[in-house]
Every structure is written in C-alpha cells, then in structure tokens.
Amino acid sequence: MTVSSEPADLVSRQKYFGWVGRLSAAQRGILIAMLIFAAMFIVYGWKQAAGLTPNMINTAANKGALLALVAMAQTLPVITRGLDLSVGATFVLANCLASTIVVDGPIATTFGIFGVLLLGLACGAVNGLIIVYGRLQPLIATLATSAVYFGIALAVRPQPGGSVNFELADFMTRSSFAVPHSVLLLLAVVVFIWIPYRRSVLGRAAFAIGSSEQAAYMSGIPINRAKMLAYTLSGLLASIGGILLTALTYSGAAKMSIANEYTLNSIGAVVIGGTSLFGGVGSAVGSIFGAFVMRTVGDLLIVFDINPVLQPLFVGVVLLVAVSLGSLRVLRIKNRLDIYR
Amino acid sequence: MSESKSPYLLSMSGITKRYGGVRALENVSFDTHRGSIHALLGENGAGKSTLIKILSGVVQPDSGTIELDGNTVSFTNPQQANDLGVSCIFQELSLLPDLTVADNIGITRPPLKFGMIDYRAQRRIAEEALARVGGENIDPMETVSNLSLSRRQMVEIAKALARNPKILILDEATSALTAADVDKVFKMLHRLRDEGMAIIYISHRMPEIAELADTCTVYRNGTKVETFKNGTKSDSAVVEMMIGREYSSVYPAKSTRPTASKPILKVSDFSWNDELNGIDLEMRPGEIVGLGGLDGQGQRQLQLGLFGTLIGASGSVEINGAPVKLNSPKMAKSDDIGIALVPEDRKYEGLMLSMTVRENLSFAAVEKMSRMGVVDKRAEEAAIDEMIALLKIKADGIDGPVGALSGGNQQKVVIGKWLMTKPRIILLNDPTRGIDVGTKQEIYQLLQKLASEGCAILLYSTDYDELIGCCDRVLVMYDGRIVRTLAGEDLNETNLVSAALNLPEQAAKRPEPKKLQEASL
Chain E
7 MTVSSEPADL VSRQKYFGWV GRLSAAQRGI LIAMLIFAAM FIVYGWKQAA
57 GLTPNMINTA ANKGALLALV AMAQTLPVIT RGLDLSVGAT FVLANCLAST
107 IVVDGPIATT FGIFGVLLLG LACGAVNGLI IVYGRLQPLI ATLATSAVYF
157 GIALAVRPQP GGSVNFELAD FMTRSSFAVP HSVLLLLAVV VFIWIPYRRS
207 VLGRAAFAIG SSEQAAYMSG IPINRAKMLA YTLSGLLASI GGILLTALTY
257 SGAAKMSIAN EYTLNSIGAV VIGGTSLFGG VGSAVGSIFG AFVMRTVGDL
307 LIVFDINPVL QPLFVGVVLL VAVSLGSLRV LRIKNRLDIY R
Chain A
90 MSESKSPYLL SMSGITKRYG GVRALENVSF DTHRGSIHAL LGENGAGKST
140 LIKILSGVVQ PDSGTIELDG NTVSFTNPQQ ANDLGVSCIF QELSLLPDLT
190 VADNIGITRP PLKFGMIDYR AQRRIAEEAL ARVGGENIDP METVSNLSLS
240 RRQMVEIAKA LARNPKILIL DEATSALTAA DVDKVFKMLH RLRDEGMAII
290 YISHRMPEIA ELADTCTVYR NGTKVETFKN GTKSDSAVVE MMIGREYSSV
340 YPAKSTRPTA SKPILKVSDF SWNDELNGID LEMRPGEIVG LGGLDGQGQR
390 QLQLGLFGTL IGASGSVEIN GAPVKLNSPK MAKSDDIGIA LVPEDRKYEG
440 LMLSMTVREN LSFAAVEKMS RMGVVDKRAE EAAIDEMIAL LKIKADGIDG
490 PVGALSGGNQ QKVVIGKWLM TKPRIILLND PTRGIDVGTK QEIYQLLQKL
540 ASEGCAILLY STDYDELIGC CDRVLVMYDG RIVRTLAGED LNETNLVSAA
590 LNLPEQAAKR PEPKKLQEAS L
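For the protein sequence lines, the chains are E and A, in the order given.
Just so we're aligned, residue 7 is where the first sequence starts under the numbering used here, counting upward by one.
Just so we're aligned, residue 90 is where the second sequence starts under the numbering used here, counting upward by one.
Be aware that a few hints might be false.
[Stated by the list, open to error] Which chain A residues stay away from chain E? Per the calculated CB distances, all over 10 angstroms, these:
| # | residue |
| --- | --- |
| 1 | Ser100 |
| 2 | Leu185 |
| 3 | Pro186 |
| 4 | Ile206 |
| 5 | Glu217 |
| 6 | Thr232 |
| 7 | Glu329 |
| 8 | Val356 |
| 9 | Gly427 |
| 10 | Glu438 |
| 11 | Met458 |
| 12 | Ile487 |
| 13 | Val572 |
| 14 | Pro593 |
[To be verified] In silico DSS-like cross-links for lysine-lysine, where the CA-CA straight-line distance does not exceed 27 angstroms:
| # | chain 1 | residue 1 | chain 2 | residue 2 |
| --- | --- | --- | --- | --- |
| 15 | E | Lys340 | A | Lys419 |
| 16 | E | Lys340 | A | Lys436 |
| 17 | A | Lys355 | A | Lys466 |
| 18 | A | Lys538 | A | Lys419 |
| 19 | A | Lys466 | A | Lys511 |
| 20 | A | Lys351 | E | Lys340 |
| 21 | A | Lys538 | E | Lys340 |
These are calculated hints, taken from the structure and not from any lab test.
Predicted model, so just to flag it, every value in this text is computed and none were measured.
The beta-carbon is built from N, C-alpha and C at its ideal position, and this holds for glycine as well.
Generate coordinates for the entire structure from the input sequences, incorporating the hints supplied.
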C-alpha cells in the first residue's frame, strides 16, 4: 500500500531541528565543519597566553589557505563521484614553475601567473581526457598522472630554490584590517570560481552525475563535458594553491612528501567539509572549513603542550569522527544487501 | 494510396533488435496519431520496453526506421530524442536523488541568465510543471531523496512535461502512485491529449488501460500481434492475444511425491516497507510452490526476507512449528533453519566470477566441512566432486574461473553451491532466465528430484509455462500480497495472467474500472 504522506524521518527532522532540518545535506555539512572549526579556534585563542594577535591569525590563515585551495580542487572531482590523486602533484608543480617564472617586474609576474594557471588547467584537462575519453578509473588515472606531474616538477626545479616577485609575496602574506590576504584569496576563489561553477549548467551536471550517473544519462545531461570541466577546474584550483605556496615560502621545491601530504589531507578536508565520497552532495566552501579544521589540530596540540609528533594521531581521530558522522545513513537502510552497494 | 506525408505523428516500421542471440523485437511496427493515447500491452519480455527504449534513444535498433512528423530520424542517445520532442517516463525512475525537485525538473533545459542557471525562473517552471500534474503540494526546494516513492513519481511526470514534448511515453509510470494521484494524472493525460499530444502508455493494470486509452497494441514474444480500438475486445480476448503460444513439453512429469502433512515453513502476516503486505505462506517437505505475478510485485522481497536480508520485516516465520529469527543469510542457512536462496542476479549475488568452480561450490558450505575452523580438504574435495557429477557441470572448466562458463553452467554452480549446504527449504529467483533449453530441462529434473527427497522449494519465475510445468501450486503476487493460489486444473496460463493483472476470477467479465483500481491500491 502506498501512502501519500512524506517519510516519517523527514517530518520529524523538520520538527525537531527547525531551520537546521530544512538545510540541504551540503549546507548541513558546511555548518558542521564551521562549528567544529569555530569550537577549535575558540579553544585555541582562549588557551593562548597572549590571546589572539592579528599576527597569529595571519599565520594560521596562511597555513590553512594552502590546504583549503587544494581541498577545493579535490572537491570538484569528488562531487562527480570521482577522485583526483594528482592535486598534490599539480600543487607542487605549480609551485616549482611559479618559483621560476613569477619573478622580476609586474608585467613578467602577471604573465608568469597566467602561465602557472594555464599549466594547472592543462594538468586538470589531461586528467579529464584520460578519465572521460580513455575510460580509466579516476583513482588509477590520477595516480599515474600524479607521478608524471611530479616528474615534470623535478625537471623544472631539480634543487629547491628560485624566487618570487617580492611585492606579490609581501602582499599575500599581509593582512588588511585584520583580514589576512590569503583569506581574501579564498573568498575570491569562492565568489569568482566556485559560485559561478555551482550555478552553471555543467556544474549542476557534475552533481547530477555524482548522484546517479545512469539517471543523468537518461535525462540527457552532457556527462563527458561536465566531467572534463570538473577535472580541469580542479587543476586550476590546485595551481592557485601552488602560487600561494610560492608567495609564502619565497621559493619552489619538488618534494614528494609535500605532494602526498596535500593530496591525502585534501581528501580528509573534503570529507570533513560535508562532501560525500559517493558523489552528488558537497560544497567547496565546506572543504575550506574542513581544511582549517585539519590545520587547527596542530595548533591546538601546541597550546595544550602535547608533543607535536602526535599530530597525525589527532588528525586521524578528527577525520574518523567526521567520517562516522557522514556514514550514519547505514542506520536507515532496510535491506542488508544495500549496505554492500 | 497517396504519396503524401504519413498521416501519423510517429511511425516506426521494421524494427528489429537482438541482445546477443536473444531476439527482443522482430520486424515490429508501431504508429500513433497526434492527440491520442495509445496503450502497449504484452507479457513480461514481450518487447514493449525495448520498443520504448528505442523510441527514446536509450538503445539503438539493429534495423528499421523511425519517422517523426514524416521525417526519418535516428536517436543515438536520450538527449537527441528529447530535443525532437520525445519524453519518456521510465519504470526505473530517472530522478537525481541528491538534487532538489526544481533542479530535477529543470535539468535537461535549465533557464539561463548570464550563462548561469536562473534559480528563480527554474523554481517558477517547476511550480508550474508540478501544478500541471496536480502536485502543487510538493515543495520544489525539497531534495528528491526525501520524498516518498509516490511523490517522486509525480516529480518524474512533471519533469517529462516541463520539456514540452510532442510524444510523452509513460512506462509503468503510475505503478507507485496513490489512487488520488492516479486520478489527477489521468485527468491531466486526457487534457494533454485534447491539446494534441501523442501519449504512449504502458501499464499492467488492465482497468487503467480500459479507462484511459484510445488505441491498444498487443505485443508477444518480440512481435506485434494486433492494434485495435480500445473497448472493442473483451479482457479475456486481450489476455488470449497476450499469451497465444503453445506449450512446450520440456517439463518432466510431476511425480506423485509423498508430501508430509506438517508444514516445514510457516510464514504469517509477513510485511516489510510497503513492498510486502501481510504474506501468509505454508510449505511442506516435498512440495514445489511457485511464485507468480508480474515482475516487481514483491516476489524478490519475499525471498530476500526469508533469507534474512531485510531489516524491519514484521510477521512471524516458523520452521517445523518453532518460531525463528531470520536476521542474516548466515542464520538462514544454519542447520536449525536450512534455507538456501538462488538469487536473481547470478553474476553479482551468486558467484565470485574470477574464482574457480571448485571454490565457488564450497563457499556456502565450507563451515559444514571444517572442524574447529580448519577445512577438511578431503571431505571438501569429495563433496565438490559429488556435486559436479550430480549437476553434470562441464568437467574441463572446474578448475578455471566460473566466469568462463556458459550462463547455464554458471547457474548450475549457483544451485550446486547451495545444495552443498544440504538445505531443507530452497528459494529460487527466476533460475532459468537466459538459459538454454537443455540446461533448463536438467534444472527442472533436479528440482523434482530434490522435492522427492523431501526439500520444500519456492520457485519464482517470470515464465508462466515454467510455473505450470514445475509447480504443485502457484501463489500469484500483486502489490506485495498473495492475491490467488492456483493448483490442479486451475493452474493454467489464462488464470495466471488474469491473476497477475489482479482481475477477478472470471476474466471475461469486465469490472467497473474505478472500484478495482482503488481496491488494488
């Protein structure tokens, strides 16, 4: 017998959680990540003997912004139910190239920035081409291209070094009216890349694909173009991260450990930010907060006087808790076979 | 005959489609006018769905032509069909669960402003489309996965309408609707027809077709039988057209088996999630009980429920008079209960395709052949050899991957894997689908043998001949409940089909459509 009333859980959700119950899954994810971050940051500021100085905020923001950009890059493929293991390598490659061409006067610097962004787009587009037209699984395709991109980074900068336009670096590390410029950069990326993408036909197609690729096909959605765009933009965002890294460190370095750390942490940040690894649900804004949550764990350890060596342990615990919140859906499943789907 | 343009809005002719060696459609034609509702009728697998898939660009025909408005067209994907005005509402919903209702309705052709989706306009379009189908009470900003099945189906119809199609296809699109919604949708379909839309309607609910259609076409076995004006044929004549084929005698004689008087399995008031509604069932050792009815009336769920995979099923299950709990397949196959399930999808639920035949055979029974967690290799090998001999599985393949065997041999391995557990109750879900006649016959003989050895067998099949040929009695399911039990003389195809359509016992008498509809919902 079919009943016309809505499922009970929806009704109760709206009854007991009020406006929070009305939020979409992605919005709830952002909210949770925001709250976790706010709680951690308040504890951090409160425990800090000197209180929160603008300088400290600036340093924390700069560290978080790097991971936030890479995590945003990771968000786009994940929304299509894909994955991009090459974001870290693209980030490092962009750093190496930027430390070579984003130098000298303002004109050369401008061209240099465009050059690095183009490189990021190209890296993403290659991933997209291999995945969409080569029909390889995203995991293995980007694992392979990640090695390729890192190899190019080594060729560009065999030894750590290089430099960067001083004005750019100086500007990116400062803050105006207590707002760090790196945060402004994140804001700009959200306003000029994420929101237009989210509202574009291909952007929504990405959500549709992640939600159900079959139904998306049946609805006549341009699947290939949407996937291409998701991976290409992912490369672009990772390269913006690479430029920021160059500005913060005044140099470039092709280090595998950096590429790997950023790739893995980006996945964690994406999940904490409420983006589903099953695709279809998510937001790059959530990933920003996810990134800041992961970065703040380290700072908290310092104020609580815990050996910083233990940082990975605590990051892992935070990640597990966040992922557990996301998999509560299993409790609602009514056919055990669906658990294994 | 004039040489002018075709009088039809849509004219399909000579359509042939094969899947591998299986013929789905053979030289089929279909024509329909503007401003008409055309119903497609036929049994499961008659070719209706394939025809619709071809028309909506999901699959491509091997040969044949499609003319739309007098122009020959061909669709290589659903988008092209959409662009030319063919919109289809499929049986399996094509909604995107994580997106909002408005997003779903606007997904194919969203309103744009500065190259971005204009959400306000999209919301308005969604509200209009929902109002058109009578779903004003659906919030366009709600996420689709939060809606009940019946609401989702309304959204699906609104989505198809928002594309302003010339041809609207509904493939079992009303199966999940409530009676009130069906009314609204029918009113809307009549209005759309009067506005000049061509509507193609597929449903297994005969009363609905009687109420709705102008023209009916019957398909059988991949060929077209007849097109006629609605109301010119009796229900029984239509059912005859749908069956109309001869019995083949591949079935072994039903030997008179000693049937115990006490039931081994007794199920009372078994319900789950709106898909099973109060099932009562008794099976005795030595009995072969059939499950009939149209696809998707809860047969699969009933078997899964008895195998312990459904969470929150209510009702009671007794084995030999003792109530049991069925919370997992592991429990179901335990010695105390002894249930085995040969699942619907042998490739994904039945076998580990890349592993060998031997390994696959011993998976389910490996605990029975081990002591303190250590597998008794010799007992295992002996049992496997015995099973291979019993099932006559091709000997040269038994150490290779099971995926390399033919469909028939794969199915034998699935059955063998469960026979190794020495079950007392065997559930089979359409075990002969897509299998050659020879292997089918072997499976039938095996079922008779198992029953005569005292097994109770519950066989679900979409093939009516098979139910008649194999089963002692057949329980026909409709909408999650058992609507009729057929045995002896009554177990014939006419009765099976009319029971499957939930027509009253005398199929010849047409019921007042309204009443039956409400009763069936």
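Hint-by-hint comparison with the structure:
no.	hint	verdict
1	Ser100	23 angstroms, holds
2	Leu185	4 angstroms, violated
3	Pro186	6 angstroms, violated
4	Ile206	5 angstroms, violated
5	Glu217	19 angstroms, holds
6	Thr232	6 angstroms, violated
7	Glu329	31 angstroms, holds
8	Val356	18 angstroms, holds
9	Gly427	20 angstroms, holds
10	Glu438	8 angstroms, violated
11	Met458	25 angstroms, holds
12	Ile487	28 angstroms, holds
13	Val572	14 angstroms, holds
14	Pro593	20 angstroms, holds
15	Lys340(E) to Lys419(A)	17 angstroms, holds
16	Lys340(E) to Lys436(A)	23 angstroms, holds
17	Lys355(A) to Lys466(A)	37 angstroms, violated
18	Lys538(A) to Lys419(A)	26 angstroms, holds
19	Lys466(A) to Lys511(A)	18 angstroms, holds
20	Lys351(A) to Lys340(E)	32 angstroms, violated
21	Lys538(A) to Lys340(E)	36 angstroms, violated
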